[in-house]
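Engineer: Each chain is listed here by its residues.
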Amino acid sequence: MAQQQILPLNGLVQDAAVHYRGDHLLVAEMVERGSKVLDVGCGEGDLLQLLEARGIDGRGIELSREGVNRCVAKGLAVVQGDADADLVNYPDDAFDYVILSQTLQATRQPRVVLENLLRIGHRAIVSFPNFGFWKMRLQLLVGGHMPRTENLPATWYDTANIHFCTIKDFVQLCDEINVKMERAVALDLHGRPLRVNLPWWFWNLFGEQGVFLLSRAGKGK
Amino acid sequence: MPSEESRATITDTQSIASPAINAEDRAQEADHPSSLVAKFGVDQPLQLDCGIDLSPFQIAYQTYGRLNADRSNAILVLHALTGDQHVANTHPVTGKPGWWETMIGPGRPLDTDRYFIICSNVIGGCMGSTGPASTNPVNGKLWGLDFPIITIPDMVRAQTMLIDRLGIETLFCVVGGSMGGMQALQWTAAYPKRVFSALAVACSTRHSAQNIAFHELGRQAVMADPDWHHGRYFEQGTHPHRGLGVARMAAHITYLSDAALHRKFGRRMQDRDLPTFSFDADFQVESYLRHQGSSFVERFDANSYLYLTRAMDYFDIAADHDGVLARAFRGIQTRFCVVSFTSDWLFPTPESRALVHALNASSARVSFAEIETDRGHDAFLLDVPEFFDISRAFLQSAAAARGLTRADG
Numbered sequence: 000m001a002q003q004q005i006l007p008l009n010g011l012v013q014d015a016a017v018h019y020r021g022d023h024l025l026v027a028e029m030v031e032r033g034s035k036v037l038d039v040g041c042g043e044g045d046l047l048q049l050l051e052a053r054g055i056d057g058r059g060i061e062l063s064r065e066g067v068n069r070c071v072a073k074g075l076a077v078v079q080g081d082a083d084a085d086l087v088n089y090p091d092d093a094f095d096y097v098i099l100s101q102t103l104q105a106t107r108q109p110r111v112v113l114e115n116l117l118r119i120g121h122r123a124i125v126s127f128p129n130f131g132f133w134k135m136r137l138q139l140l141v142g143g144h145m146p147r148t149e150n151l152p153a154t155w156y157d158t159a160n161i162h163f164c165t166i167k168d169f170v171q172l173c174d175e176i177n178v179k180m181e182r183a184v185a186l187d188l189h190g191r192p193l194r195v196n197l198p199w200w201f202w203n204l205f206g207e208q209g210v211f212l213l214s215r216a217g218k219g220k
Numbered sequence: 000m001p002s003e004e005s006r007a008t009i010t011d012t013q014s015i016a017s018p019a020i021n022a023e024d025r026a027q028e029a030d031h032p033s034s035l036v037a038k039f040g041v042d043q044p045l046q047l048d049c050g051i052d053l054s055p056f057q058i059a060y061q062t063y064g065r066l067n068a069d070r071s072n073a074i075l076v077l078h079a080l081t082g083d084q085h086v087a088n089t090h091p092v093t094g095k096p097g098w099w100e101t102m103i104g105p106g107r108p109l110d111t112d113r114y115f116i117i118c119s120n121v122i123g124g125c126m127g128s129t130g131p132a133s134t135n136p137v138n139g140k141l142w143g144l145d146f147p148i149i150t151i152p153d154m155v156r157a158q159t160m161l162i163d164r165l166g167i168e169t170l171f172c173v174v175g176g177s178m179g180g181m182q183a184l185q186w187t188a189a190y191p192k193r194v195f196s197a198l199a200v201a202c203s204t205r206h207s208a209q210n211i212a213f214h215e216l217g218r219q220a221v222m223a224d225p226d227w228h229h230g231r232y233f234e235q236g237t238h239p240h241r242g243l244g245v246a247r248m249a250a251h252i253t254y255l256s257d258a259a260l261h262r263k264f265g266r267r268m269q270d271r272d273l274p275t276f277s278f279d280a281d282f283q284v285e286s287y288l289r290h291q292g293s294s295f296v297e298r299f300d301a302n303s304y305l306y307l308t309r310a311m312d313y314f315d316i317a318a319d320h321d322g323v324l325a326r327a328f329r330g331i332q333t334r335f336c337v338v339s340f341t342s343d344w345l346f347p348t349p350e351s352r353a354l355v356h357a358l359n360a361s362s363a364r365v366s367f368a369e370i371e372t373d374r375g376h377d378a379f380l381l382d383v384p385e386f387f388d389i390s391r392a393f394l395q396s397a398a399a400a401r402g403l404t405r406a407d408g
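Residue numbers (numbering that gives the first Met the number 0), protein chains in the order written: chain H, 0 to 220; chain Y, 0 to 408.
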């Protein structure tokens, strides 16, 4: 397992007037102001709006036509496309950050997608639902059925999520493809960050989702 | 029940009706348009791609709204194949409303309270910009086929001269659908620093083989009409209205979709319950097409149709950049919004997607929306609220980035 390199979570201030999703606030806080960002799977553009409000040049890719058109109607620079097919069109180092928020598990080739994120961007921010979360484990162990939660309500036969993983699995993949974890945070069911400096096994059990700030570990691999 | 639209198209003719508007009215518009006119003398020739310098020449144009003090709020609207500069006013020949009044006006997406809108007739057109229907100053006769072949880049080069004349350095936006979208894209590829943003609708960076084929069909129909007289019909007192009408009918089918035709007309009969066992327009769809053909020839010059379809055929931005589309947009700072429609089979979504991929490869700021509709290519001219919402938001976001405030307009 990779060495933990966890930086403290600091200065995250919730805007009094607007309620943003916990993981969005966390992602926005990881992005430096004035940078150029690509949000892959940007949904209806909530995160992009949050980023643009912070003076960040945001672009998006979204699979659903309705999502794209809502984004464009908000004045956001969003194109229709998907992580598997369309990331190849972007040149190397085109962005400071590429964000993949709650989308990795829906891609056909998560490993290739992850590699593309760090080819296009100097850094990548990846968040995904943790299938090692205790409620998930309990449903499979005790209930004997595929887990469903508030955030993942779809049944196994109509879910878009085809590549579930746990925080532990993801850390292992990062290790394999030589990706450096600059920061890792696990969030609870309410989108609040868990206490830092807890061991990985604890996060893997009690984190409902993981948010990772990644960079290339170095050249040559 | 026939819809309002189809009922309005009832004609009793067996073929395309002769034009109700006489050729002199049309000829008048070609040389002395009911528009503003920018004249360019022999000292300012238009350098055409075919190698000829066109001079003197003129551009007919209309404007709406007010240019602000910074000259930073100008939007150039580019018209499609059979459009013209009368984008938001009553047409001087047909008396019909402007072709994009749904888009342009106070509070509309192209808000005339905020932006200064310019629309010019393309070079090669027949509504007052120099074209085959204009008088050749060398011999005092109409140009006809003596007019040089023009291209989309030629049209845009002429527009840059108009914009210079108006004292505008950078356009806030170029906006166009179909052939107008081609011009918008040509603006961004050839003059990227003069275009702050671009809204390219139902278009492509090149004309496809299928589209060239349809255009060839239309041209052959015009040229097969004995009234065409090798392009000198005006000297014979004729106009190839049957050939041009057939060209328009064929083209009009490509602007619609199977679903839209079915929804509007189905197999319904025109003013009769039983087939006549003749070649009358038994079906509503036939009657509708004949009406489209005959109303078009009233306002459009046949030679101009040949030239403009040819210009579209030659269009291929990538070909001018070693076959690599992305090279055309390298380092571009222009903000793009690309829009396609699901049922458009003339400029289908994959063509827009190829453009978007090239823009992504250039790290351009681009929005791309595909709008679901069964109304085909013509959707960009129709009342499609989602398209208006997207256009409005794109322009507002660009205006904020440009620092345009309401007070500026």
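Because the hints were derived from the structure by calculation, they are not lab data.
Some hints here could point you the wrong way.
[Claimed, not checked] Here are the simulated DSS-like cross-link-like pairs (lysine-lysine), alpha carbons at most 30 Å apart as the crow flies:
id, chain 1, residue 1, chain 2, residue 2
1, Y, Lys95, Y, Lys263
2, H, Lys35, H, Lys134
3, H, Lys73, Y, Lys192
4, Y, Lys192, H, Lys35
5, Y, Lys38, Y, Lys263
6, H, Lys73, H, Lys35
[What the hints assert, rightly or not] Sample of chain H residues lacking proximity to chain Y, with all beta carbon distances greater than 12 Å (derived):
id, residue
7, Gly33
8, Asp92
9, Trp133
Keep in mind that this is a model prediction, so the values were computed, not measured.
Every residue gets a Cβ at the ideal spot worked out from N, C-alpha and C, and that includes glycine.
Engineer: Hints broken by the structure, by number, lowest first?
Structural biologist: 2, 5, 8
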